[in-house]
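Sequence order for the protein chains is A and B. According to this note's numbering, the first sequence holds residues 37 to 153 in order. According to this note's numbering, the second sequence holds residues 44 to 156 in order.
Since the hints were derived computationally from the structure, they do not count as laboratory data. Even glycine gets a Cβ: it sits at the ideal position worked out from N, Cα and C.
Short, incomplete list of chain A residues facing chain B, as computed with Cβ under 10 Å:
no., residue
1, Gln42
2, Ser68
3, Gln74
4, Asn77
5, Lys78
6, Thr87
7, Phe126
8, Val128
9, Ser130
10, Phe143
What follows is a set of in silico ranges between Cβ atoms, one per label pair, in the way DEER data are often shown:
no., chain 1, residue 1, chain 2, residue 2, range
11, B, Pro82, A, Gly52, 27 to 33 Å
12, A, His118, B, Ser110, 38 to 44 Å
13, A, Ile96, B, Ala124, 37 to 43 Å
14, A, Lys78, B, Arg140, 24 to 30 Å
15, B, Gly46, A, Gln145, 22 to 28 Å
16, A, Lys105, B, Ser123, 44 to 50 Å
17, A, Glu100, B, Leu54, 36 to 42 Å
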Amino acid sequence: AQSVTQLDSHVSVSEGTPVLLRCNYSSSYSPSLFWYVQHPNKGLQLLLKYTSAATLVKGINGFEAEFKKSETSFHLTKPSAHMSDAAEYFCVVSDREGSGNTGKLIFGQGTTLQVKP
Amino acid sequence: DGGITQSPKYLFRKEGQNVTLSCEQNLNHDAMYWYRQDPGQGLRLIYYSQIVNDFQKGDIAEGYSVSREKKESFPLTVTSAQKNPTAFYLCASWDRRNTGELFFGEGSRLTVL
Numbered sequence: 037a038q039s040v041t042q043l044d045s046h047v048s049v050s051e052g053t054p055v056l057l058r059c060n061y062s063s064s065y066s067p068s069l070f071w072y073v074q075h076p077n078k079g080l081q082l083l084l085k086y087t088s089a090a091t092l093v094k095g096i097n098g099f100e101a102e103f104k105k106s107e108t109s110f111h112l113t114k115p116s117a118h119m120s121d122a123a124e125y126f127c128v129v130s131d132r133e134g135s136g137n138t139g140k141l142i143f144g145q146g147t148t149l150q151v152k153p
Numbered sequence: 044d045g046g047i048t049q050s051p052k053y054l055f056r057k058e059g060q061n062v063t064l065s066c067e068q069n070l071n072h073d074a075m076y077w078y079r080q081d082p083g084q085g086l087r088l089i090y091y092s093q094i095v096n097d098f099q100k101g102d103i104a105e106g107y108s109v110s111r112e113k114k115e116s117f118p119l120t121v122t123s124a125q126k127n128p129t130a131f132y133l134c135a136s137w138d139r140r141n142t143g144e145l146f147f148g149e150g151s152r153l154t155v156l
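So here's chain A without its partners, still in its complex pose:
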């Protein structure tokens, strides 16, 4: 069965410094992995996704993530944090049965990113 673990429930950085949000996954198949962002009382927006093409994935707003199969990790990074990056971030793996994707996504517990002036 697939699972995903976000290693930090809360991360605090200063504006202009790098961001690192950590995610480990477990999957019996080649996974599809996603990072979503959620601002308060809003829906989720896709930041980026990995679907077995390039291992370094670039997303919106300057975020990127690297798929490392040997470490079963998919950490999210950004070189320089902006105040508007403060939000909840979810690492997500798609659920698969046999050769098919069920469309069910398995969510991590979320990481709250705080950006200090």
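Got chain A sorted already, so can you dock chain B onto it with the hints?
Showing chain B alone in chain A's frame:
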């Protein structure tokens, strides 16, 4: 613009009352989902539907019901049997054919008084 519309955004309910949350999409997606979000617990799947007139229970279906009579619509009813219904509810649809991405609505916050 294509997207998912959830209503109402905020809803208050007395104990013992059923309430229905609306979810409409104009993205022409076959699959739709309902998630519940509680602080510190991520998103948990309530029900999902891969096609019209068909739906399956997710991980926490007890106390909820859904219907899928039209491709565009996937309403969720929170029944009086749901013991702790106060939560943020998110509806999503799946772009199976193209990006594999889930598209989310803005959510509905239900508070039981």
